[in-house]
Structure formats: C-alpha cells, structure tokens
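Top to bottom, those sequences are chains X and D.
Take the first sequence: its letter number 162 is residue 162 in our numbering, and every next letter is one higher.
Take the second sequence: its letter number 185 is residue 1185 in our numbering, and every next letter is one higher.
The hints are simulated quantities; they were obtained by calculation from the structure and are not laboratory data.
Take the hints with a grain of salt, since some may be wrong.
Below, computed lysine to any residue pairings styled on SDA-like, alpha-carbon distance capped at 20 Å [as the list claims (entries may be wrong)]:
#1 Lys1108/D to Asp238/X
#2 Lys1261/D to Gln72/X
#3 Lys1170/D to Asn1128/D
Footprint (simulated), chain D over chain X, 3 or more residues, beta carbon under 8 Å [unchecked claim]:
#4 47-59
#5 162-169
#6 238-246
No residue lacks a Cβ here, since even glycine has one placed at the ideal position from N, Cα and C.
The chain contents come next:
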Amino acid sequence: MEFTIGDPDFQNHFWQPQDQNDNCAVAAQTDILNQYLDHPVSLDETNYVAMTNGWYHPGYGTSADDLGNLLQAYGVPCHTVDGASIEQLASELQQGHRVMVGVNSGELWDQGPLSEFRHWVVKEFGLDNSTFTADHVVDVTGLDLSDIHNPQVIINDSGDPNGAGHTYPLDQFSEAWKGSDFYYVATNAAPGGSSNVDLDIGQYMGVGTTLGAEYLGLDPLSSGLAGQFVDSVVNNVDWDKVLANI
Amino acid sequence: MKKDLADTPSLETVANLMTRVGLLDAEIRGGKRDAEYFANIETVALGLFRIVVVGEIKKGKSSFINALCGTRDLVPVHDNVATSTIFKIHYGVHSEYKVYFQPEAGRKKRTISADQLKQYGTEDGNPNNGEKVDFIAVQSPSQLLKEGFILIDTPGVGGLFKNHRKITFKYAPKADAVFFVTDSVESPIGADEVSFLKELRNITKLIYFVQTKGADADPESRKRRMENNISILTDQAGFSKEEIRYFVVDSNLKLAADETKNMEDLQDSGFIPLMAYLNNDLKPARVYNIANVGFRRCYNKFIEIRACVQQQRSILDAETVEKQQAILEELNSAESSINDWNSNIRPQLVREFQVQVQAIQNDINTVVSDKFRQGGELSEAAGRTLAGYATKGPEIIYKSAQPLAEEVRAKASEVLLQISNDLETRMTALLEALARKIDGSINLSNEFVGRSRMETKQIHYGETQLRELVKKGEDQRHFEKVRTFVYGGMAGVTIASIAGGIVGSVVPVVGTMIGSTIGMLIAGAWGGKEATSIVRSKEAAAARQSVHAFIEKDLSSIHVQVQDGFNKAFTSLRFQADEALAAKIKNFMSQLAADRNLLMQRGKASADEIAKEKQRIVILESQIASLDRELKAMDKRLY
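If we strip away everything but chain D, and leave its shape as in the complex, we get:
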C-alpha cells in the first residue's frame, strides 16, 4: 500500500454513498426516488476524463490510442493510411463502431464493422470527407475506458489537412488533457507543429507530450530526439522546462507485452510511467472536482433526510395530547415562517441577484462589441495585416484571404474562451453569494423555533454567529455545521437547506451551460463562408478592400450569433436560481403536509402500530448514524 494515500475518494465510492443516501430518501418518502438526484449519481459514476490526442499526420496517434486501450487495431492503423475524421473512443461492454454524420448529411447514425472503418474514417476511403462524417464512436471493453477515460483521436495537423484548427478549437477547450504526439524516427518537432502548439497553448495549458516509436530508434537516438524536442518546446513554442511532461513510448511493444503479459516488454514500452502519471497526477484533480460536487449534493440530501426522521421521531414520541398539540403548533409556525420568508425575503434576494446578473451581462456585451463589431479590435487587426500587403499584387492578396479569415476565427475563438472562463467565475461567485445571503436571512424571527428558553438562547447565539460568517464569506460547509447544530426547527433547516441546494445543484450547472453555449458559438465561428466566394478585382487596393470586407462580414455574422447565444444563456441563468428556490419550497411544503398527516395518524394509532413505527424509526436512525459516519470520513478526505 502507498504510504501517502490519495486523499480524494474514488468516484465509485462517492456514487455508492450517494446511491445509499438516495435510496434512504426514497424509503422515507414512500418509495419515490428523486429523479434529479439520481441523474447526478450517473454524472459522478461516469466521471468522464477526456483525453484529446493531437499531432502531425503519421506520428503514431492511433497506435498510441490502441496501446493505451490495450487493443490492437481498435482504431485503424496502416502505414499508408491517415485518419481523416474524429474518433471518440469510450467504454462499452462489447466492441462496436458507429458512424455519426453531420446534420446537413441528413443521415442517421450507422453501426459498421471494423472492416468498414477505412471507408468512413480515412482519407483514402473517404476523400475530403465526402461521406460527411461528423465522428466515429468506438466502443470498447477496455479497462482504461471503464474508468471513465474518453479518448479523442484527431486527424493530423499537417498542412494538407486544413480543418485541424477547427477541430482543435472544438475539442481542446473541453479536454482534461491534450496529448501531443511526435515520434522518435522521422523528424523533430517542426515549424508547423510549433505554430500549432503556440495556438493550442492559448486554449489550454493541459498539454502533455508523447514521443512514439521508441523501439525503432536506439536508446541514444531516442534520448537525443527527446532533448532536441524539449529544446524546441522551450526555445520556440514558449513552454517552460518545468511545465513539460514528456513520455517516450513504443505502442507496438506495449501491445505485444499485453498479448503475452511480458513484464520486461511492458517496462521497455515506456507505458508504466505514463499510466502512473495519468492515474496518480492527471486524473485526481478532475476526480476531486466531480467528487466534490457529488458529495455536496449527497450531504444536502442527507441533511434533509436527517431532519425528516428527527421530525418523525418527535411525532412518535409525543405520547400526550399536549405534546402532539405542541408539535402541531410548531408545524404551523414553520409553515408560517417559510411562507413569510417566501413572500418577503425571497423576492428581494432574487431581485438583487437578477440586477447583478444584468450587470455581468452588460459587461460581457461591451467586451463582445469591442472585439467583434465593424471597426472593432479584430477587424482592425485584420486591416493592419492587409496593410502589410501594400506592395503585393491582387492574386497574392486573394490567396491570403482564407488563411487570414482562419486566423481571425482563431482569435475570435480565443476571445470566446476567455469570456466563458470569466463568465463562469463571476456567475459561480454570484450564486455562492446568493446562497450566503439566503443563509443569513434565516435569523429574522424567534418564531422559527423555540419553545424553551435554552433553545431561544441558542438561536440568538446562532444569529450572531451567522451574521459574522456572512460578513466573512466563510465557505458553505461551515454554514451547514452552524445550521445543523444550532437550528433545531423545521423552518431553519428548510431555508438553510435551500441555500445548500443553490450551491449543490445550480452552481454545477453553470459550467455546463456556459460550456455548451461557447462550444456552439465557436463551432458557429468556424462555419463561415470560404474565401473563394470573394468577388475578384484586378486592382490591389480594391483586392485589399474586398478581403477586408469579407473578414468584416464574417465577424459581423459571428457578432450576431454571439450576442444571441449569450442573451439566451443569461436568460436561462437568471431563472435557474429562482426555479431552484421554488422547487425546494414546494418540496418542503409537501413534507410539512406529510408530517401533519403523520401527526393525525399518530393520534389514532394503536399501541402496536406505534411500537412498529418506532422500530422502523430506530432502524432508520441506525442507517442515518452509519451514513453520517461515512459522510464525515468522506468530508475529511475531501476537505
């Protein structure tokens, strides 16, 4: 066993605990499962880690992927064949290949055999992508994939294959790791590759290097190639030596080792340190994020369950009419407090939130306008480039139009990615601030809880403490401690749990929503017309003007799409929090009604029925105690 344990629990452990909490919740609610909660379990259980493999053509990308998965010929590898489409490789109980077509092809996805892969997935079999393939999904029972890895094999980024930039911007932003593949034999990293890497670095810092075909060169040559490549990366591509993670491997040797379980070949293949790095360095960060979100949701659900069972216990223990009456008063008081909060406090909080969202939207619109409008920054930059062609003839100017358009689209994509990061940070902070304000708004009335003086005193202490915490902006978990131990009443727990719900259920959605909006906008940016559509003139000045006009039209189209896309995203985000609040209030009102019903039944129940119910509560409390212990242990590992 490792001396230093990895602190983050595995996603399987988190999903397992989430499932048990969800099942207990269903048990308490008469068998009805919380569908949204169980959908979250799926997200955690899958724990997808996306690896995008990029590099020049014929550098061994596909062989590398096959070796990672431990399956020869999983994706096509032939000496004289280049991959021409995207392959998305994921886990499945059995092997299967499916072709997904571009929307304009008007064709449904198609399951194909391994023999047909060349027909759809290579330049030889599908020249210029005449079949209009969007991507090919490869399903494999590989153990690596079962752990949540998804591999994306990309076509080569060589000069002949013009779509590489589009693919880079489409897949690299969402990647959890980008593996750049070069080889030990042909040539070191060249100018095209350096240019590509510089652009890639603007999109993601998660770039790792793999030098393939290690066994095809002698150890000295391999080492020299590695050192040479590292120099190129530091001197020309802007990487620092400290940030470079570089692996020398041989995919064929790895596959041969797998077939015979030959340890020596495995060690010589170079895959052991790479797999260890993937498992112990790269994956844990992503696992931590997913585990964290899953744990928060689980913990929020657990607080609700515990409060619910405590309430049921109180009702069952109320043996006298007076005690039952006191509980009924408490339920009525809780309902009144929640209604009061819902009518008076919640609208104010939501209004403040929406004003702040509007402010962010205004800022984003300003940035977008500055960049994309006619005469804006990107247009001016293109104009400066064209001015550099002052002494060139029109033919050269028209030839530069397509590369210039692609460069502008690349810059536009970078801007959109920067905006998305900024937006996600600001929206997340805003939602967490909303959650803190909701928490802070509990301390309004002594009607919330408190039949005894001691409880009132505790509440009073809690109010002060809570105000201080709100001021300091302490993390959400601390709030739950205060809430749980100080507020014994239903209303307190209800409203505080809503705050937890905001952070647990709305915040994780922000990233996904913004990510898919940006993904769509970037795809749109690359969907512009080809420069061949420009009307030609024989005059150089007119040529520069018409190329600039073409670029501006492209930018204008992007501008409109971006504004529209962001407006829709903001509208959706604005109402996410409010909808989450409304749903929670509705759930708790239902719970109060159920408690009233239980109270009524308790008044009419026989001694045997009450005894059986109490036994049931004992079991539930025992399950809750057991889960509480596990949650605390998991909490320790995560924080």
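Chain X extracted, bound-state conformation:
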C-alpha cells in the first residue's frame, strides 16, 4: 500500500537545475518560491537578489546562516532548526511546509566504487570524518513509507540533472544530512494549491512536537509557530526605545 508524507508529485514540477557550480542554495530556494508566488521568479533574478545582499558569493557559495534569506526577502516566512530529527522533518512535510536541508553531496551522488570503498574504510576504522561536511542544499519533498522497513526520502536536487523526485534510502539520506548536523530550513506554512495533507501521523510516529502535543491538549511547540513569534517580535519593535540607545 502506498503511503507518502509530503507532496513530491506537486513539487517535481518546480524543480530546475542550478546554473552555477555553487548556487544550489539559490536554486533550491527558487524552486520553493515559485510554489508560493503569483508570478514565477527566474533563477537569474534570485541570483541577483542573493548576490546583492551578500547571501551568495560566486566562488564561495552560500553560508548556512543565509539559507532562507531569499524566501524571507520574497515574503515567504521560514524557520531553521539545528540537530533535527527525521520525525521533525516528517512533521514539517505533513503540514505542507517546504523543506531544504544541508547535505554532503558525496553521500548522495554516485561517485564510483573507489569513493564508496574510501567511505567504508573511513567509517569502519573510525577515521577523521571532517571531509563529510555539508557542501550542498536539496529540497526534501516527501517521505515514502510504503515499505516501513525500507523508508525512502524523496528530494528535488538542483545539482543532479535528473534531480526531480529522486529517492534515496533513509539511511543514506541521513548519512548525507549528518554533514550539516541535521540542519534544515522550512517554510512556516504550506503554499496554496498544494495537495491536501491532513493525515495526523503524530500518534504513529510518536512525534513530541506539534501533532502529538495538540492531540493531548498541549500548546504546540513547533518551530514553525516559534518562527511566527520571532517574526512578530521583529515587526513590532519599540523603535523609540531602541533608537534612543543607539
């Protein structure tokens, strides 16, 4: 029986390849933006906005802290989480939020048998794994739990020419995701027009955040809601007081 969290089929239509070696973060955000905006925005335009604000520097890429800035700039609020769990990721997808993660591309892309052997040696002997740092950003569009013993993560990957709706086993994805210490950026709300995702999986996944909490009448503790709080703080500052002290 098919059971997918998220809406990868809808999101596949928005995949596009990155047009520079190092603007994967810009491409990933552009894919997401085009799901929210009334008029599509081109990668050229988002490249411009990112460069003009210092969020993308050709030759250097985008730092983790600047991931999500493009979304905010176009009026799509988002939040970031460090050290996240797969359950949190699932929760975001279940709510229709769009999610980007930092990954180590080497763990995802087939770099040949020698590369696989090298990885095996390093892991097997517990060698320095500092090479396994995040160097790429992908959009996570779904979790396929049809075979509960072999869960798959579905992504849109701008760095892969066939990157729309590419699937990876959860283990492999987690290894790649570990490169960013399980960091993600997610939008605060689902875009209009996306598929209806109203299945409550909280009980099934033992999620301690939004869904399980709501079920027991507790206030939700989601990072999305916290993001809305933080946004409201920034938008309602007492500037008289702040400016007097500057």
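Following the hints, position chain D against chain X.
Relative to chain X, chain D alone:
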C-alpha cells in the same frame, strides 16, 4: 553550498529555539510566560548591527547608504545640499520618516513626509539646526535592514561643521562598524580627514573605507586614487596595510542595477565584495556574541525545565505510600538545604562580591581624579599648550580657547571610553568568579541528595571534581555538565542553576549599563559652555590664565558628572547580582511548593487521571529530548 559552513547559528535560529524553550517553560508552569526571558528573545531576534557612516561633506555618504538599502532617495541626496543632522535608518514594514527633537526644544517627535526631509535634515533647510533636531529616524522595508543592520548617516566632518567631533564621540564608540567615505573624483584624503581618522582610531578599530563615485572616474584613475589613499592612511594616519579594508563602489550604478536586476551593473558597482564582507566577516563576530548570550539563557532555562519534568515524573511514578513519603522527605530536605545555603553561604558570597566591587570603584575613582581634577593630567596638558602661546597676543589666545576646549573634551572622552572597557572587563570577571564560587558552594552536605549509597558516592566524586574545577576556573559550560550528570537532587540543580543565572542574566547587563552610563557622561562632557563666555583681557598673560581657568572649570564640571555617574552605576551593579540570586531562590521555592501540591494530588488521584498525567509527561519528555538534541547541536556550533 559553501564548503566551509559559518559555524555560528543565525540569530533567527537561536531566537526560534529560545522561543520553544520559553513556551515549554510556560506550558509546565500553567501557561505563565517568563517575561524577562521573552524580553531576551527580542534582543536576540533583533540582533542589531550598527554601522556609522562618516566622512567629509559631499563625498557621497547618503548616496552610499541609499545604495546599501537599495532605495533611491531614502535619505536626501542633492548636489548642492549637505546633510546637517543624524539620520538613523532602521527596518520597518513600510517607509516612514520621524523627526526627534532635542530635549530643550520641548517638542514631541513628528512624522514627516519625504518632501519635508530637506526642511529638517539639511543645512539649507535647517541652518545651524534652528529646529533643534536631535535626529531623524528613517524606517524602510529594506532587506538589509531587516537583517538587523542600523545605519547612521552623519553630517560631514569638514571644517565648517563644528559638531563633528561631538557626533563622532557620541556614535562611534557604540558602532559595530564605521565606514569612512571618500570619493574617486574630488581629492584624496586630506589633512582634516587624516586628523579626524587619527582621533577616530583612538575610539574604535572597526574602521572600513569606501571610495565612492567609482564610475565617474576611469579605471586607472580609480585605482590610482585608491593606492594614493591607502598610502596616506599608512603614512600619515597610522593604519597598517594589513588592517585596511578598502572598497571602491558606485552608488548610482548599484541603484540602477537594482531597478533592472542587471547583474553586470551590479558587478561593476563594486557592491558585491562589500556586501559579502559585511555578511561573512563583519556581522558573524557580532552575531556570535549575541547568539552566545541567547544560547546561555536558553540553556539555563532548559536545565530548569528538565529538572522540573524529572521531578514530576518521579512523583507520578511513586505508586506506593512509602515512595511518596520518600519524595516528600526529599522535597523537605531540598527546601532545608536551599534555606541553609540562602542563610549561611549566600550572604558571605555577596559580602565578598561587594568588597571586590568597592575595590574596583576605588581604583576607578583614583583614575578619574588623576585625570580630571584641578591641576590633574588633562589640566596640565592644556596648560602646556597655552604656554606655547607665550609670544602670542591675547586675541590669538582667545581664538584658541574653543579648539583647545574641544581637544580637552576629546581627550576626556577617550579617557572615559578606556575606563568603560576596563570596568566592563573587571566586572564581568568578578561576576563569573561569583558564579564559580556559587557552584563550588554546592558540595557542602550529603543532605542535598542521596537515598542510595551509589548516589552518595557520585555526589562525593562530584564534590572533588567541582573543587578542582573551581580552582582551575573552568568555563561555566563545563560546570553545567558536571552539575547535570552528578547532582540528581533538586537542591543541587537549584543552586547550580543560580550560578548559571548570574552568568546568563547579569553579565550581559553589565555591558549595557556601563555603556549607557559612559554614553551619558561623554554627552555631558560635550555639553559645556562655549569659549565665547570667557571675559576678555588686553594682557596676554591674563588671557592665558583666563583660558586655562575656563578649561579647568569645564574639567571640574566633567569631574563632578563623572563621579556622580559612576557612583550610581556601581550602586546599581552592586545590587544586580544579589537581586538575581533573590529572584531565583523565590522561583525555586515556588516550584517546591508546586511539587508538594502535585504530590498531594497524586495521592488522591484516580488511575485514569494518573494515566492521563503520565501521557502528558511522556509528551513533555519527548519535547525535552528533541530540544536537548537541538541544544547540543547548537552548543557544538557555538563552542
């Protein structure tokens, strides 16, 4: 994605995590939010980064600011108009201009239109600041500003505009970056500018250089101008080549590029490397400091929450009367231990702290007196300058009075800034020492925890370890590890958390309090009388005497204000720590009472009610585990 990730988490991430911890805390405490904690979230979320833009008149400062914000004419720019007041540019959902008047004007702030800016903010429209404008606040939905940047546009520092020094000393000390603007066309950095930069360097090292109007000169000329300016900075202004960060830009080209999203124009404008430097080099240091403080507060709050939920779990799991009785004994024991610590240890620690604060205050008073008293260092320096006028007539001597007074005020401001840095360092160290002593004072009694032998053994090991840590003066975070894993009892966690509270909540306030005191004192130093008030004499010797007397009177007035200002600051600092301790004790006593209440209810509750409560605890523990994971990840990035 960048290969080398910036290690510091964004302030939005930190604020988000702080919010969730704060909401969980409120959930556990029956919906009541910790107001002080949530106020801290605002500080982190805003993460203000202050850029002060300085330079000679008509060098393109305002155009540069407009280009940074991506908004043409945000602050007034006209060929024949010079900015005459301070503009403070900050984020807002929509554009707005507000005029704030000086206190003596007796006028409330006023919202004006863009058309009225010239009337209030330029020399043409508001000559000699007849309108008594303090500053004009400009609100703009610019993305740069939304990230926490505040830009301060200053009037030119040219000879005609005498207030530049005052403005420099008022705004530069608090700046996270000072951008000095020169241009590609008119003239290289001149003598006045060199003199200004030398003075500025005594206040801040965070000076960066922008050469504007790049497109108005051909590439060779631009390059020659840049090299010439860098030589002047190294040869005359005392900068080393390594420390100079210099950017050549064209503001009009940047604005034109923004209007059409033209990548080529953007690249030619020179703003890409400047924005990258701002974002990836300048801002991270400030972000790190703010993130660090926010994380510490968040972590302290989290420890309290975790201990609280653990206690609730213990109470719910106590199925027999004997187990419930044992918990009640533990609560009573914790209360007794905390009371004991509060009565016997805390006063001693506070007394020691206050003695050490007094010692610092005495040192500061000595320095202040040496500098500002009649016949002190600053007075003597002024006297030596006047002695150099021995062969000059009285008119020349009287003419030198105002510049000399300003030079003395500048020196006084530098002294005050040095004192403030020293004071902040010493007070912070003292507060952290207090926190370590509080931590070290936990290991006094086996009554704290320990029903089982194994727990007692662990406590004993912890005591020794803690003593060693106190001796070595290890950082506060390590203490928390020891505390959390070794001390299972309420009292241990309570008192150790107080130490964390000192570092997390009092230390950050020290800098703000000292900063605002010094800001006020420096403003006061520049509020002295004008030299025109000196009574004139026809004799040169008498002229020198009366000018010196004027300077001494100025210094004496500054001395009184400084002593008064510092006395008030010390009084406040002395009691900050004690108040923080008292508040924490009160909170934990309330928590103990709540736990007793829960224990009583548990004894009377039905099986269904207990089952529902246990479910609730499971969810809370799951949330705590999730937050713990995120905190550890953030901890790794920060340390």
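Evaluated hints:
| no. | hint | result |
| --- | --- | --- |
| 1 | Lys1108/D to Asp238/X | 16 Å, holds |
| 2 | Lys1261/D to Gln72/X | 18 Å, holds |
| 3 | Lys1170/D to Asn1128/D | 19 Å, holds |
| 4 | 47-59 | holds (count 9) |
| 5 | 162-169 | violated (count 0) |
| 6 | 238-246 | holds (count 6) |
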